[in-house]
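Student: Here is what each chain is made of, one letter per residue.
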Amino acid sequence: MFDSYRETTLKYYPDRCINCRRCTQVCPHGVFAEGKEHAELVNAPACMECGACAGNCPVQAIEVESGVGCAAAMIGAALWGKDMDSGGCGCGKGSCCGEK
Amino acid sequence: MTEKISSACSRSSCAPVTETPVCGCPSNAGSSEIRPTTSTISFANKLDHFLARWGVNRMGHIIVPGLYRLGVPTPDSPVIVTANYTLSFDAVRSALKGADCYILILDTNGVNVWCAAGKGTFGTDELVRRIDVTGLVSVVNHRVLVLPQLGAPGVSAHEVQRKSGFRVEYGPVRARDLPAFLSTRKATPEMRRVTFPVIDRVVLTPVEFVPAVLPTIIVAVVLYFLAGPVAALAPFAAVLAGTVLFPALLPLLPTKDFSTKGLILGVIVALPFSVTFVSNPVLPSWAISLAALAPLLIMPAVTAYLALNFTGASTFTSRTGVKKEIFRYIPVMVAIAAIGVVCGAILGILHLMRGI
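If you read the sequences in order, they're chains A and V. Just so you know, the first sequence maps onto residues 1 to 100 in our numbering. Just so you know, the second sequence maps onto residues 1 to 356 in our numbering.
Relax, there's no trap hidden among the hints.
Just so you have them, the derived chain V footprint on chain A, three or more residues with Cβ under 8 Å:
| no. | segment |
| --- | --- |
| 1 | 28-36 |
| 2 | 54-60 |
| 3 | 70-82 |
Hints listed in this document are in silico derivations from the structure and should not be mistaken for laboratory results. Even for Gly, the Cβ is constructed at its ideal location relative to N, Cα and C.
Bound conformation, chain V alone (with noise of 0.2 Å):
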């Protein structure tokens, strides 16, 4: 297998270097060699998948920049462009069951294209660089590079023609749309649109839940021993809503605004709470009219800031809009929060000091 990783360098000075992972040729030493890949996904792969997924070494799911061939390419086969994350080259692979090409991998950190597009770490420098290094001029007989769609917010197609002579042409938003655009060389108005379906927001859920984790198991113990059991589930509960729930029921959910969205759906969450503490016949009159607002107050604005959050992760969010939402909703967020906590830490004191 080792000799066959550079297609680039000359098999009669490759051949005796079996032992070395790279090829040792002194003309293309570095990165010009072409790394081989297939489209096979291993369960080594699945698992890396689902650890990014779950936010685990969320910066590790790496692999090394450069040019990779799939397939047996010829020096007319077509060259995709894609970013160093695991889940964007591994999705641009196993969608290119059968092709032959070669795949320009661009270092961005080990970050998702559209990202890092939005950041210019997969961008025309770092492109035309990566075509530098790679010697792709003298692998390839044609000056045509593909490109994700949503590669296109960090790259300047013209700037990349002018500046390597590579002409750029966009392919399909999903991976899973290469083999039709290659064929056709034509992406229709599907494939050049970005949707959020159910199952894409599901997916990142964990990301988003995951961080939350450990400050939720703290108030929950704090609350435990101020107001009980029923109390210590609330955290879990606004928590819960605002990182799975929400970006489950986002379309569905009434209004335009994130934050609006998770406001309504932060008191329909905390309404069982209301009622638990409200049918408490222990409580006198006044203290169950605080021990019904408090979760009323608190979760949406927990709830409702965690909506907020999400939108860095939708795919259709302004940063205009969201501008916008922060300006409107996060005084809101804070003042309806601070009473409620007021009126938690009142029936709190009073637990502790005279055991209602």
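This is chain A alone, in the form it adopts within the complex (with noise of 0.2 Å):
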């Protein structure tokens, strides 16, 4: 109840893994961690899906739809009859975006 985070896009074929532990160093939620054959996926829920897995792998085995979960950009585009999930971030606008 009231926990719409649990499902991710995130998908990892173990079998495509090369062990270059890329991944592991990459993500910031600990969602991959070291294993001996090959990266194990140990936090799935924790998975924010900002894609840097995927885009640093260099043999595919990861899979996300990334993209910033930013609601303003998003209710923006929902109500101007856009497609939620082409627009970015509309960072500079309004209220968004974690000064990091």
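Fit the two chains together into the complex; they arrive one by one in their own frames, and the hints show the way.
Tutor: Below, the structure is given as structure tokens:
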């Protein structure tokens, strides 16, 4: 109840993994851990779909529909009849993006 | 100082050019210069950070992209990559106090590393281009770049290597861990994890609050004339709850969804208003019910909407989850706010017509 964040679009194909460990380096939420033969998917629900792992995987063992989870941008897109997945985040115009 | 600006150009040909701020060497003209920088954060820098945090000239906190040198780097010194946002660059250079290194600044349009990486402006293409235009190949002997871990969503390390010959090493999430990383070339699990501590959340609140100020004042003025001074405070309470209290209390509020957290906080903030209106002895009983309901319906909707918007600033919400929240809760927010506004409107009209 009241948890919209249990499922994500992250898909992992361990049979393709060459154990380069890039995914364990780039994930900011410890979704992947180092394993003996291949990387281990240890905390899938923590995935925020940033896409760092998939983009840095040299053998496409990881797939994720990445995007900025910016409500303001998505609500705006929905209101103006645009595709909610097409737009980036409207940083600079409104309240969005942690200043990291 | 001017003649020290570029170590890439030879001193003999550059020495006479003391008036021009950039190196005038014909062979090294343009962006191949190496600009000097320090680890010192001046008062002007601090003022710039303050203004950035308050959303003043939001996209104007920029640094000229290119190659910078900190201390006295040699061709073997490390190259640290960051964004051309003053808060990002200043975090990096101040963390590297006493170090001799190069800092390569990508053009991210003045957006921080993580957000720029999400949009792809801090990305493979810009990195490869910047390596090229700065002539980095001839500046350093090695072929290693230290990138911020949070730049990874925009960068494909293997693509960068293929296109530029430079190997990407992902450094720590936070600039303050750079010295430790550079000494061991290893990031601990803590250095790799993004957190969202109270200080990081609170520092974002002005940027959340400032854009909401003007609409809030307008609503407050209208309410002041329709329903009096207490009612005029309600929009401020709801907006402050959503933009300041909510980020501050985020992990303490029950449930996982931002919308439900916001609804709960909104009800808590609305209760005193409801109680105040109920204890008004002048009103007839049916009007008291309406007056009690209006804040309990409108304020949580406003707070919850602002809370949902904070997902964009948070460090852990997924796009899939936020989308689910939008479809689940936006209709609820609109519905309760609409009923609340109808309650308020009935009261307002009667107030104007009959003076109750």
